[in-house]
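*Asks:* Work the whole structure out from these sequences, hints included.
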Amino acid sequence: MRETGLRAVPAPPRTVPRRHPVVVGHRGAPAHRPEHTWSGYSLALDLGAELIEPDVVVSRDGALVVRHENELSLSTDVAAHPGFADRRRTQDVAGEVYTGWFAEDFTLAELRTLRAVERWPQLRPGNTRFDRTEPVLTLAEVVALATSRGARVQAELKNPTWSAAQGLPMVELVVAELRALGATGPDSPVVLQSFDVEGVQALRAALGATSPPLVQLVDGGAVHDHLVTPAGLRGISTYADGIGPAKSRILTLDDTGALTGVTDLVAQAHRAGLTVTPWTVRAENRFLPVHLRRGTDPGARGDVGAETRLLLALGVDGVITDSPEVAVRERAELAAPALAPVRPRA
Numbered sequence: 569m570r571e572t573g574l575r576a577v578p579a580p581p582r583t584v585p586r587r588h589p590v591v592v593g594h595r596g597a598p599a600h601r602p603e604h605t606w607s608g609y610s611l612a613l614d615l616g617a618e619l620i621e622p623d624v625v626v627s628r629d630g631a632l633v634v635r636h637e638n639e640l641s642l643s644t645d646v647a648a649h650p651g652f653a654d655r656r657r658t659q660d661v662a663g664e665v666y667t668g669w670f671a672e673d674f675t676l677a678e679l680r681t682l683r684a685v686e687r688w689p690q691l692r693p694g695n696t697r698f699d700r701t702e703p704v705l706t707l708a709e710v711v712a713l714a715t716s717r718g719a720r721v722q723a724e725l726k727n728p729t730w731s732a733a734q735g736l737p738m739v740e741l742v743v744a745e746l747r748a749l750g751a752t753g754p755d756s757p758v759v760l761q762s763f764d765v766e767g768v769q770a771l772r773a774a775l776g777a778t779s780p781p782l783v784q785l786v787d788g789g790a791v792h793d794h795l796v797t798p799a800g801l802r803g804i805s806t807y808a809d810g811i812g813p814a815k816s817r818i819l820t821l822d823d824t825g826a827l828t829g830v831t832d833l834v835a836q837a838h839r840a841g842l843t844v845t846p847w848t849v850r851a852e853n854r855f856l857p858v859h860l861r862r863g864t865d866p867g868a869r870g871d872v873g874a875e876t877r878l879l880l881a882l883g884v885d886g887v888i889t890d891s892p893e894v895a896v897r898e899r900a901e902l903a904a905p906a907l908a909p910v911r912p913r914a
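Using this note's numbering, you'd call the opening residue of the sequence shown number 569 and step up by one each time.
Derived from the structure by calculation, the hints contain no laboratory data.
C-beta atoms are modelled at their ideal positions from N, C-alpha and C, and glycine is treated no differently.
Any given hint could be a false lead.
What the hints assert, rightly or not - Here are the simulated distance ranges between beta carbons: (1) Tyr807 x Thr675: 40 to 48 Å; (2) Gly841 x Ala648: 46 to 54 Å; (3) Thr864 x Ser607: 28 to 36 Å; (4) Ala777 x Glu740: 16 to 24 Å; (5) Tyr666 x Gly788: 17 to 25 Å; (6) Asp699 x Arg656: 32 to 40 Å.
*Replies:* If you want it as structure tokens, here you go:
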């Protein structure tokens, strides 16, 4: 187990979580529809998610558009547009080198000509029947959908510090968008999150102490180990309201994928006054501990309900999931009062 300042503790019994956890539809409901599509977000809400989670990137003309990353080839049909062939290039994005087509090279009008496709066709072949049927959305459109259904948005800003260095000040653009929507207070329908520490701090500085809820996302890699120490969590509490850790920060696995234990991150974060909403709960075998897999096909669905139930029982404040209906079901079962024993009549 990687050293993170957290100790391994035994798994708790099946008990009711101490807080009412929320269900966040990760990029919509991608177990059933391609990511970041209107139908996917709408389905997530139909399935009971209280929040839907778009990723936000910036177009060349400063529009806030919804894609998992600024590189477009995995989640859109951009490669099938001959007119855009000359825009394929290689660049460094926040320390990682990518080759493809990038949102910042396109205007919003040009992005509107693209259509969404399933990002993992090998794992989710059923979703490919929806390929090339839906356009790229803007953040404002996703917020409008959520609020029309009495739900909220938990928007992830992708690499805002890097984006600003490219001349596209994402934080400023998001703050302006929230002001235009009248959504800058603590009761805002928009929760903001990012892995970029400087970006989340910049959001707090721009929006002030009464900003919408801010979440510091925490990766599972060593670069973020310092964030989940007691000192790191106290530091996060000075600018954010919660953390969104990789689920591996809570459920520890060995190199074979076997579950080896749980950490006390949830309790430590709560002591620091932070909410905890881990990511990402997915149903496919590839993403589950060995004992919850069913069969040998990486794309087959395993017992994701058991993993969801364990996270909820550990007291998380929400789960970010590709299968909102599973989290809703498991939350209801955990919250249900135990049946009183039947006593014989005298």
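*Asks:* A range of 46 to 54 Å was offered for this pair. Does it hold for the Cβ distance of Gly841 and Ala648?
*Replies:* holds, 49 Å
*Asks:* Per the hint of 40 to 48 Å, is the separation of the Cβ atoms of Tyr807 and Thr675 within bounds?
*Replies:* Between Tyr807 and Thr675, where Cβ atoms are some 33 Å apart, the hint is violated.
*Asks:* Does the Cβ distance between Thr864 and Ser607 fall inside 28 to 36 Å?
*Replies:* Since the Cβ atoms of Thr864 and Ser607 sit about 31 Å apart, the hinted range of 28 to 36 Å holds.
*Asks:* Taking 16 to 24 Å as the hint, is the beta-carbon distance of Ala777 and Glu740 inside that range?
*Replies:* Holds, at about 19 Å.
*Asks:* Regarding Asp699 and Arg656, is the given constraint of 32 to 40 Å on their beta-carbon distance met?
*Replies:* The hinted range 32 to 40 Å is violated for Asp699 and Arg656, with Cβ atoms some 20 Å apart.
*Asks:* Within 17 to 25 Å or not, the Cβ separation of Tyr666 and Gly788?
*Replies:* Given range 17 to 25 Å: holds, Cβ gap about 20 Å.
Checked against the numbered hints above, the structure breaks hints 1, 6 and satisfies the rest.
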